[in-house]
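These protein sequences, in sequence, are chains A and B.
Following the working numbering, the numbering of the first sequence begins with 1 at its first residue and continues without gaps.
Following the working numbering, the numbering of the second sequence begins with 1 at its first residue and continues without gaps.
Fair warning: there could be bad hints in the mix.
[Said to hold, decoys possible] Stretch-level coverage of chain A by chain B, calculated; a stretch enters the list once three of its residues show a Cβ under 8 Å from a Cβ in chain B:
| hint | stretch |
| --- | --- |
| 1 | 125-138 |
| 2 | 318-328 |
[To be verified] Every beta carbon over 12 Å from chain B, so not counted as near; a handful from chain A, in silico:
| hint | residue |
| --- | --- |
| 3 | G162 |
| 4 | F255 |
| 5 | R338 |
| 6 | W340 |
Just so you know, these hints were derived from the structure itself, not from any lab.
Remember, it's a predicted structure, so these values are computed and weren't measured experimentally.
Idealized CB from N, CA, C, for every residue including glycine.
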Amino acid sequence: MRIAFKTSYDTDIDFHEHWNNRFWIIALVVVMALLPFIVSEYYLAEVANTLIFSLAGMGLMLLVGHTGQVSLGHAAFLAIGAYTDAALMNAGWPFLIAFPVAGLAAGLFGALIAIPAVRLSGIYLAIATLAVFVIVEEIIILAEPITGGVGGLFAPTIEIFGLSFDRYANLSNFYWLCLVIVVLVTLGYSNLMRSSTGRSFLAVRDSEVSARALGIDVTRTRALAFGLSCAVTGLAGALMGHFIGFFNYELFSIFISINLLLVVTIGGLGFIQGAFLGAILITAMPQIIAILRDGLNATAGIDLGSIPGLDTIIFSLILITFIIYEPAGLYGRWLKMRVWWEIFPLARRDMFRRQKSYLKTERQK
Amino acid sequence: MELLQLLFGGIANGCIYGLVALGFVLIYKASEGVNFAQGDMMMLGAFIALGLGNSDQLGLPFGLAVILAMVLMGGVGWGIERVVVRQIFGQPQFALVILTIALGFVLRFVAGSIWGYTPLVLETPFTGKNLQLGGIVLGVADLVTILVTAVLTIGLWAFFAFTRVGLAAQAASQNQMAAYIVGVPVMRVNGLIWGLSGAVATVAGVMYASKGAIDPNIGLLGIKAFAAAVIGGMGSLPGALLGGLLIGVVEPIAGRYAPGEFAAMAPYIIMLVVLVTKPSGLFSQMQAKKV
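Next comes chain A alone, as it looks inside the complex (with noise of 0.2 Å):
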């Protein structure tokens, strides 16, 4: 059992409640850092997946998890990302200022959309978004001098001071480029959960009507953090671009809006860690389902690979399964073995009752 001794009011604000919390993740980091020593281009190739997912779920995880607004066109910020710093890389700029003019274009584009749509709320924001993906990719296709259209567009490589940092030839470069900008973006984030502005989120989140009575702007703060949430995903989508090499808009699909979603929901809504769980739990999945099937095949005789569209199904029952049994997703079940454990005889089996709410609605009919 650990005891945080707290000596003053601002320890209450301390980032890690406890000086072992700061040791394991600058351990993680470090290990995360020698990584390319250790594994080979494949799997390094697939962390490098799995941290540019990451960072779109810390984009989505901002909004939904955070500030209580679903998403369901998160892949058209994405996609804004990608084509910016691809378009201005092609042009000639350098990636140290298209990268970061990426994510800022995403990001004004979503204060813009955000400015009626924080006006909605609930399923009629998710809806609104839905559509701003539908229009957003008809545009990227009737947009063809910049976007390539249906053909798609080729992301150049990355070079930042004569140092190539090409996804295939010097993919080590690459992986520590994606590490950097996702330490520094998780850094950013969780600072900024314990800034009044991240404070006023979480209020707005939880009740909108008690968050004005408190003073904060409600839709100040929605449209901020969906400019923010759609900036971070954009860093995303130029990275993920960059990662692809040649993309056209079908890589956008409503599929990875889904998957994103799936990346919060699962990993744990309202946890910034949850959204790096979910994004190793939808990265490796394939891989996990492709070994399975090869081992079935080899041993059972079994051939899965025949069922087309596997894949999605079983995502679906994962995610069916989490969202009935637990909501909180891995990070809430982690937290809640932790406790189990840190309390050990104490624990009693109704202490996370999840608490039900009754439907209230204002419809006059």
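Chain A is fixed; fit chain B onto it per the hints.
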């Protein structure tokens, strides 16, 4: 004349959007939840009717096949509520959105494994038959669609306005706790409404299939129907139908007079405009929600 022809085709298409939208509205009216799997329920309904009615499958008469399919899909809808949706009773709306998106994939997988992913054609008594009326061609399938939609909308409206069960469903959606207290079996009513929406989805599916081939991915039409439901205001049955008609009419006309991509965007642009100007739809029933 050409405009009239486009208009007629648009109205018939719009009726199908409207029918799917009716399914959304049914569930929304009863439980304030949104069923994102409605389009896939429509797809599955069409496939079940096809499996029962087509001569190379079970070969039942068309009318019997459709009625059986409606009953079966009613069962599927009821079962989904009973087995899955009831588990998350009392959870935030967001959970139901994600749950039904996942359910949609499951339904698509089921239909795909049974009937395959190649497009199939449903045999109906009115496929390919046309009437000539003063220069414009009226498809019999289109006429039947319009008629069926009108009858269903009026029937459902009457169901919610006059029957005890319909009133109970509305009560349950307005205040679950109070409905419990006055003796409305909220869970049972929800199950019933899900079943009903499965049956309505089947009608929509059969009407859709009477005009062309179907494959397991036609459920994506649900997104467009969704736009229709939103334009009308989620809680209003006539609103859903009008929203569907609006989208159905605008789409072919935009496709005729503007670049092709614009036709695909048009429903969503209309929806965004409606959402921005009247955030809860044209037939709003919502006042500001309190804490």
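Hint check:
Counting residues of the stretch 125-138 of chain A whose C-beta lies closer than 8 Å to any C-beta of chain B gives 9; at least three are required, and the coverage claim holds. Residues of the stretch 318-328 of chain A lying with their CB closer than 8 Å to a CB of chain B number 5, which satisfies the three-residue condition for coverage. Here G162(A) stays apart from chain B, with its beta-carbon at least about 42 Å from theirs, past the 12 Å limit. Distance check on F255(A): its Cβ comes as close as 9 Å (rounded) to a Cβ of chain B, failing to clear the 12 Å threshold; non-interface status is violated.
In this structure R338(A) is separated from chain B by more than 12 Å, as the shortest Cβ-Cβ distance comes to about 24 Å. Against chain B, the non-interface label of W340(A) holds: every CB pair exceeds 12 Å, the least being about 23 Å.
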